[in-house]
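Protein chains: 2
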Amino acid sequence: MSVGTLHIAGLGPGHESWITPEVTAALAQATDLIGYAPYLARLTPSPGQRFHASDNRVELDRARHALELTARGHRVVVVSGGDPGIFAMAAAVFEAIEAGNPEWRGLDITVCPGISAMQAAAARLGAPLGHDFCAISLSGNLKPFPLVIKRIKAAAEADFVIALYNPASKARPDDIHEAFAVLRAAKAGNTAVIFARAIGRPGEAVHITTLAEADPARADMSTLVLIGSNETRLIERPGLAPFVYTPRSAGSL
Amino acid sequence: MSVGTLHIAGLGPGHESWITPEVTAALAQATDLIGYAPYLARLTPSPGQRFHASDNRVELDRARHALELTARGHRVVVVSGGDPGIFAMAAAVFEAIEAGNPEWRGLDITVCPGISAMQAAAARLGAPLGHDFCAISLSGNLKPFPLVIKRIKAAAEADFVIALYNPASKARPDDIHEAFAVLRAAKAGNTAVIFARAIGRPGEAVHITTLAEADPARADMSTLVLIGSNETRLIERPGLAPFVYTPRSAGSL
Chain A
0 MSVGTLHIAG LGPGHESWIT PEVTAALAQA TDLIGYAPYL ARLTPSPGQR FHASDNRVEL
60 DRARHALELT ARGHRVVVVS GGDPGIFAMA AAVFEAIEAG NPEWRGLDIT VCPGISAMQA
120 AAARLGAPLG HDFCAISLSG NLKPFPLVIK RIKAAAEADF VIALYNPASK ARPDDIHEAF
180 AVLRAAKAGN TAVIFARAIG RPGEAVHITT LAEADPARAD MSTLVLIGSN ETRLIERPGL
240 APFVYTPRSA GSL
Chain B
0 MSVGTLHIAG LGPGHESWIT PEVTAALAQA TDLIGYAPYL ARLTPSPGQR FHASDNRVEL
60 DRARHALELT ARGHRVVVVS GGDPGIFAMA AAVFEAIEAG NPEWRGLDIT VCPGISAMQA
120 AAARLGAPLG HDFCAISLSG NLKPFPLVIK RIKAAAEADF VIALYNPASK ARPDDIHEAF
180 AVLRAAKAGN TAVIFARAIG RPGEAVHITT LAEADPARAD MSTLVLIGSN ETRLIERPGL
240 APFVYTPRSA GSL
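Residue numbers (numbering that gives the first Met the number 0), protein chains in the order written: chain A, 0 to 252; chain B, 0 to 252.
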């Protein structure tokens, strides 16, 4: 019997020039690819490969399916967008391992990092993450929203650059408005705010504005929102979009 | 005259399987590569390419040199470790642009993201960044240390996972000890702490411990320190290093 392997691999934001050789090699040797359907749609099956596409809401089921196939000797890749370790599939797989069949702890498992959305957005803009920053998921399915608000307040008061993942929710459309209300109470109106949509994919768009003028409703499911620190600034360029960056010396008390 | 281009490119932590195709293509077309000597030492010059190696302390000089060569029509790559946008060269280049020759604002500049140290460390461990996290540089050269301490306190109180970059400093060897004193005052002694050294490079080592037992002196210039949230946990494995992960549902008030 062949020995199963499990790679939890990040495709990055979308463009193939951002997929690491480690991920490409993992995809090439796989017998089974498991993932959210739009991520699998970016890939072409090799002869003999099986694609197992699923809905976005069933991450734990997907993780258990991957672990079962691996235990049976398949070479499995769990396909994730961005970096699987940042608001993506890796945590779900380890949750399934912790709660599941004890034999799963002995499987050959490799996490393959990828370019996360905040990195892609930062690269397009200049260097907005050039200094201390935090990443917060607004997804309210799995944690209490008051904790999200507490973290946004703390990040604003300590003047981190803030990357907001999953800012739009059909089930909880008011959350992003509440988050902006907290940010507006804690930070200057001229703080840089960026809506970075579908970076590296068709429909890519960057919108640069200020906290006072930002319309939170602009954030959709494909958007990452960046909120600058007090030091984040624009470099204006005639005829071109400004650069946005945070100096390395950013910040004072 | 040829038109100059500037790529600010991240090599990732070290292993070439983590270098994106975008970065590989940028390196291949370059006439001039500029960077901190140990990063350039990872690369082999193509015929006709010039390597400009520098010391780590002269980031702004290096940035200005890159911009001058680009303005003269060279195809320049500023070579950075990790992701150039995360505690690396991109911010220095944009600082140089803001303060420098106005013509530099019109140059053809591309930031090429890379795998940052926290992502490589997370991939080796499991999914410790599986939930809200922040990244803080302990480097005290460019910002007041009380601001670092304020951010660590805020991150601990709001229960972020914390990635500490540049934890060791020859000039300021006490800073990491002060940082740990703050963390110990704010967080439980059994909080997971990881020292991830030289991930993806020769000498790679991971040390998993607790906040109560951690020795901050273990952090050297090649180490990233991860401090878990209250929810970060270990999955023990007989005969193998434990997995470390932070559940997606992490956190309560």
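Hints were generated in silico from the structure; no laboratory data involved. If you're wondering where the values come from, they're calculated on a predicted model, not measured in any experiment. Any given hint could be a false lead.
[Stated by the list, open to error] Which stretches of chain B does chain A cover? Using the computed rule of at least three CB atoms under 8 Å from a CB of chain A, they are:
| hint | stretch |
| --- | --- |
| 1 | 67-74 |
| 2 | 109-123 |
[Stated by the list, open to error] From chain B, some residues computed to sit far from chain A (all C-beta separations above 10 Å):
| hint | residue |
| --- | --- |
| 3 | F50 |
| 4 | D60 |
| 5 | P83 |
| 6 | D173 |
| 7 | A180 |
| 8 | R236 |
| 9 | P237 |
The C-beta atom is built at its ideal place from N, Cα and C for all residues, glycine as well.
Checked hints:
For the stretch 67-74 of chain B, the stated coverage by chain A is violated: 0 residues have a C-beta nearer than 8 Å to a C-beta of that chain, whereas at least 3 were required. Using a Cβ-Cβ cut-off of 8 Å, 12 residues of the stretch 109-123 of chain B lie near chain A, which meets the minimum of three, so the contact claim holds. In this structure B:F50 is separated from chain A by more than 10 Å, as the shortest Cβ-Cβ distance comes to about 23 Å. Every C-beta of chain A lies more than 10 Å from that of B:D60, the closest at about 14 Å, which supports listing it as non-interface.
Residue-level check failed: B:P83 sits 8 Å from the nearest beta carbon of chain A, not beyond 10 Å. Non-interface status of B:D173 relative to chain A is upheld: no Cβ of that chain comes within 10 Å, the nearest being about 19 Å off. Every CB of chain A is more than 10 Å from the CB of B:A180 (nearest about 18 Å), matching its label as outside the interface. A beta-carbon of chain A comes within 10 Å of the beta-carbon of B:R236; the shortest separation is about 5 Å.
The Cβ of B:P237 sits about 7 Å from the closest Cβ of chain A, inside the 10 Å cut-off, so the non-interface label is violated.
Consistency note: the structure conflicts with the earlier hints numbered 1, 5, 8, 9.
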